[in-house]
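Chemist: Knowing the structure of chain A, use the given hints to seat chain B on it.
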Amino acid sequence: AIQMTQSPSSLSASVGDRVTITCRASQGIGNDLGWYQQKPGKAPKLLIYAASTLQSGVPSRFSGSGSGTDFTLTISSLQPEDFATYYCLQDYNYLWAFGQGTKVEIK
Amino acid sequence: QLQLQESGPGLVKPSETLSLTCTVSGGSFSSSRYYWGWVRQPPGKGLEWIGSIYYSGSAYYNPSLKSRVTISVDTSKNQYSLRLSSVTAADTAVYYCATLTVTNQFCANAVCPDYWGQGTLVTVSS
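Quick note, the sequences are listed as chains A and B, same order. Counting in our numbering, the first sequence runs from 1 upward without gaps. Counting in our numbering, the second sequence runs from 1001 upward without gaps.
Only chain B is shown next, with the shape it has when bound in the complex:
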C-alpha cells in the first residue's frame, strides 16, 4: 500500500519560490503504473491540477501555471518535488501530492491507483 507524504515550509513570502517534496513509501516509486501529481485547493475553493510527472522524468503542467512551475523526481530518494516561483497570496492553498490517473492506462480489474498525501497548507504572506 503506497503512502505519500508532503513536506516543506508552511509560510512563504510573496515573490519567493514555494518548494514542496512528496516522499513515497510502501511501494516502488519507479513503477511504470503511476503518474505522480500535484493538486492544490485554496481555502474554501475547488481542486486545481498543478502538474504531473512520470518516473522517467516526463513532466506535464497546467497551462495557467506552466511559466512558474517545475516538477522533478529523485528516484534514489523515492521523492518528487514541486517548485512554484513568484508566489502571491493567490497561491495560498492546501497542496496535495497524489497518484492521478482515471483512465484504463494504469487501471485494471476495477482497481485504479488512488493514493494521496494528507495535504499541507502553504500560506503566502509577508
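Next up, chain A with everything else stripped away, as it sits in the complex:
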C-alpha cells in the first residue's frame, strides 16, 4: 500500500503569513492527489484536486503543486478562517490514503 507522509504535524502562524505543507508518497502517484481542510466538528472540504487544480469556490490564496512523490499545499496569505487541520489524500490505483494531517494554529 502507498504511504503518505505529511509534514509538519502542526504549525503556528500569524494572519498574513505564507504557509507551506508537504506530502510525500512512498511511490509515484502521478498527480492523483488532493488537499482537504477540516474544521472541528465538521466534515472535510476539498480545496485542491489533481495536485494543482483549485476546486471551484475555493479562495485563490490556496495553491497546490507537485507530481510523482512530492506535493505541496501553499496558503499565500493566511486568513483567520484558515486556521484548521489540512490533509492530503492520494487516490492512485484504487487505493486511497490520507496523510496524517497538519494542524494550523494561531501564533
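Take these hints with a grain of salt, some might be off.
Once the Cα atoms are required to be at most 30 Å apart in a straight line, the calculated DSS-like pairs of lysine-lysine come out as [what the hints assert, rightly or not]:
#	chain 1	residue 1	chain 2	residue 2
1	A	K107	B	K1013
2	A	K45	B	K1077
3	B	K1077	B	K1066
4	B	K1077	A	K42
5	B	K1077	A	K107
6	A	K103	B	K1077
7	A	K107	A	K42
8	A	K39	B	K1066
9	A	K39	B	K1045
10	B	K1066	A	K107
11	B	K1045	A	K107
12	A	K45	B	K1045
13	A	K42	B	K1045
14	B	K1066	A	K42
Just so you know, the hints here were simulated from the structure itself, not pulled from any lab data. Please read these numbers as outputs of a predicted model, since none were measured by experiment.
Modeler: Chain B only, in chain A's frame:
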C-alpha cells in the same frame, strides 16, 4: 446537489459487527461519476480511508482493514453500506460516507464531486 446521510447504531459491543448505511439523495446514485467511500476519524485523531465502491459493485478496501470490511450497494434504495467485523475499542470513531475523488477521472472545469455526510459517532464498548 447530492446529500449523504449516515445511519446505524451508535454503540457496538466488542467482537461484534459494526453496520452503517449511507443514504444518497438529490441525485443519481447509479451515476458513473462517483466512487462512494467510507472514512473514519477516531476522537482527536486523523482521517482514515476504510474503503470505496463504484455503483457497479466493484469495491476497494484499505489493506489494513480488508479482512474485516465489506462494502455493498443497494441501487434500488440509493444506499451503500459498511460492515466491519470483530470490532474493538480501536474502532471507536466518527464514520463518514463521502464521494472520494481527487483525480481528473471524474472532475472537470474546476469542479470535483465533494459530498460528505455529517458523520456519525460509533463507540465500541461493552
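Chemist: Which of the listed hints are not met by the structure?
Modeler: 1, 5, 6 and 10
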